[in-house]
Amino acid sequence: MLPDVNKIRTIKEIPNIDLFVSGHRLCAGCGIPILIKNVLRAIPDPKALVNATGCLEVASTIYPYTSWKVPWVHVAFENAAAVASGIEAAFRALERKKGGQKYNVIALGGDGGTFDIGIQALSGALERGHDLIYICYDNEAYMNTGIQRSGGTPLGAATTTSPAGSVIPGKPEYKKSLMDIVVAHGVPYAATLNPAYPVDMYNKLLKANEFEGPKFFHYYSPCPVGWWASESMSIEIARLAVQTLVWPLYEVEYGKYRITVNIRNPKPIEEYLKTQGRFRHLFKPENRWIIDELQRRVRENWERLEKLTKL
Amino acid sequence: MSSWPRDWRELPMAGIINIAGSSLDYKTGTWRARKPVLYPDKCIKCQICWLFCPDMAINRLEDDSVEINYEYCKGCGICAEECPTKAIEMVEEVG
Amino acid sequence: MIEIRWHGRGGQGVVTSSQLLTKAAIYAGKYAIHIPEFGPERRGAPVRAFTRIDDEDIEIRYNVRNPDIVVVIDPGLVEMKEFITEGLKEDGVIIINRPVDMPISLDGYKVYSVDAYRISIDELGRPIYNTSMIGALLGATKIIPLEYLIKALEERFSGSVLEKNIRAIRRGYEEVRLV
Amino acid sequence: MSVTDTERMKRVGLNGDEAVAYAAKHANVDVVAAYPITPQTIMVEKISEFVYNGELDAEFIAVESEHSALSAAVGASLAGARVFTATASQGLALMYEILYIASAMRTPIVMALGNRAFSAPINIHCSHDDAYAVRDTGWLQFFAENVQEAYDLVLMAFKISESPEVLTPSIVNLDGFILTHCIEPLYIWNERYIQEFLPDRKPVEAIDYRNPKTYGPLALMDYYMLIKRQQYEVVRRARATIDRVFDEYSRWSGRRYRAIKTYMMDDAEYAFVVLGSTAGTMRSMVDKWRGMGRKVGLVSLTLYRPFPEDDLRRILSGVEAIGVMDRSHTYGGPGAQLYQEIASTLYSLDEHPRLLNIIYGLGGKDFGPEDAEAAYKYLMRPDVREVWLGVEG
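Protein chains in written order, with this note's numbering: chain A, 1 to 311; chain B, 1001 to 1095; chain C, 2001 to 2179; chain D, 3001 to 3393.
Chain A with its partners taken away, still in its complex shape:
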């Protein structure tokens, strides 16, 4: 473990600067800006961002308006990690050949752009060991195109392509284990983030500055529209995700696991599920087994993480 020299202890220590500004057209109550503004505060200049196609990209750069006060690049949907690789390599070459400055390169993608269409580019970038930060903001479906299911959609959730049907009650498959896939690449640092735990989030972002090579963050991004939830409840839902073990907060340094927010008495998963319309059908008696299955899986995953921290 690295010494926690730069750690903050309270929200007040987070600097009062905004490099992602008002006037963006993300939905009211969206979880993405809470991530972005803190990323831009925690990662120092010189920096450049690459954004995969998705909600954030579309809503923050409607020509001629941009909400970005940092160099920001969008190329396509599936290739944020590849574009970031190119930028990182270019600055490395230019630094060596022409005395340029090396940039902190940050790639951003949603769950669609990371779990599904972008996983090949991500895997390639991780394997090649580029010195960059990749952040997946996971709102658990293709929200930009109208709430279609993705590899990040959890079991049982209703989306427009996995509706709560009378025969198939929501998504029949489990959420892909993205962190495990990333960690299997042997990256120096990977961590989960949650907006309801801002100090934990900020400290992990600061920590990314200490590692050379690919850093990965998996951010829980509340989506009131796609989850059929109240706009004002975004942070509360995020908090419940942690407290019910749906979204464990942990970090992995060179394969070494550490749980960063310990949950001693987890709440039952129903408390989380009932906050969102996408899970409403699970409360019908005939779908009870799905809740039980979700409960079993999150507990097993937590126990697995606890074991991993002891390795």
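Heads up, a few of these hints could be off.
Covered by chain D, according to a simulated footprint, are these stretches of chain A (three or more residues, beta-carbon under 8 angstroms) [as the list claims (entries may be wrong)]: (1) 35-49; (2) 52-62; (3) 70-80; (4) 95-109; (5) 114-123.
Rather than coming from a laboratory, the hints here were simulated on the basis of the structure. From a predicted model like this one, the values you see are computed outputs, not experimental measurements. Cβ coordinates follow ideal geometry from the N, Cα and C atoms, glycine included.
Fit chains B, C and D to the supplied structure of chain A, relying on the hints for placement.
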């Protein structure tokens, strides 16, 4: 932006937007159905509303007091929901 | 313009032979072009390559149809007479990998033999025929001075491998015989 | 052709792929992002060798796909690097999405394309399917006739693409195997002299945190068409820069480069129009036909995008019949690609030459003198509009 060119010859190349943060010209406050009202006497300057506001519509002042920027506030109500002292209340937008 | 067709099997250095000769001709100040005939074949399949050499620029970009010289690197292909003499000019030259005292009937052509098998086993310890066959080609036809072939070889090999191959080239050059 | 090396240049024997790799090295590229595919593999192998042996100071990004190759190239180019990539056929098809973006974002990447047929059936040999398939993507396109041209065009493409008034990526086409794998003599520069012609890239609008910009935003009905019009004009007007750089390089190298090469066209009654390595073969046939008193000429395009339509109208007006040679075909279209373009180009003439579409050499099918003779015979027949050479009937 009223000053942005409307002639293709004058546009910056490649669709580049060369004014950083130009979305400040786009006021999202009109989206709001309910508006947050701040009671400064109840505020303990914890910065929770500032940190969580998805629209950067809560300004954190030098003395750590806060003010709501209604030009951009979309009225999501996260600030009121999360405020530990109930110093922010959501009320119906009038007019 | 001299047009050459090379015959052999995948893995015997057919393409390499054509490449080396082309480079040697270029170093000799001539214009030359190497055209490989690529298919999906792997080791063992019959393979061809083409070389054109001229004093002028060569503009044409198609496979050699009527070679002046055919080089048969693989001894087994000698039996496929129609295959190796296809399109070969009248009085064309055939250089084959075969013991020089072994009789052969390829009437109408100038046939040269060289025991590339013997040379390669002696010099390289393995049946890799290409260098001794190019040596034989130059010995029989004198189209390019030997020194330029050695220069081309030096680009590809070094140390004892280079030395052994140069010996194979020289022996091919000297031991080739008109049948 | 002078045989001796000079201080400025050296006569060597290289295949087309190696020559292109040397051109990238001599251009002192900063970043190469490429994925191996036959017949381009020798390029990436050779460039890797240069980088791994310290002969070229560049980042070689061994990407996991062509899609990522071009994506990384776009990123690197936006960062201000001189960027090279190379591919063929299926690889180019995988890049397709990003090709439009690379040109619209005005990244002056140079790509070598070892022209290869599209599957299925899978075939690794030459067709111009790939080059044609991306003709509308906003990239400049050049065709090399031989290995020397492939080398020279890569150097010229960097200069053209990086010109501030152009800032548009380029594709240098070289026929798969016929050029990529053929060894020929060519002159390559002594690296010290390259800077005279091709100094380091001076990036325009590159990523700079002190002046942060938004690259690649969303533009809707109010601005999209304006932005596209701007790019359209840039590609159209690139021709002036191309001619200027061709002239400069011609003077500098002593090798003449023009957008269009014409041969025996002054009094030609019949003409063939061709792209790539077949031009040399056809030129030798024109010599033969002229020897028989036949008034035949040849037009070969070094520049394919922007399409040199004005010149072609001038050169081809008054010719009786034109054989347009396509190393590709379309399904259900009004002729193959080059044929369509020549037909469109000539439409505004008062008197139209008769046109024959000659489909030839698909998937590397050898094109020799007997094929050229057949093409000539068809050109003499007013009743034939299209022929698949070698597969008649």
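Structure-based check of all given hints:
no.	hint	verdict
1	35-49	holds (count 4)
2	52-62	holds (count 4)
3	70-80	holds (count 9)
4	95-109	holds (count 5)
5	114-123	holds (count 3)
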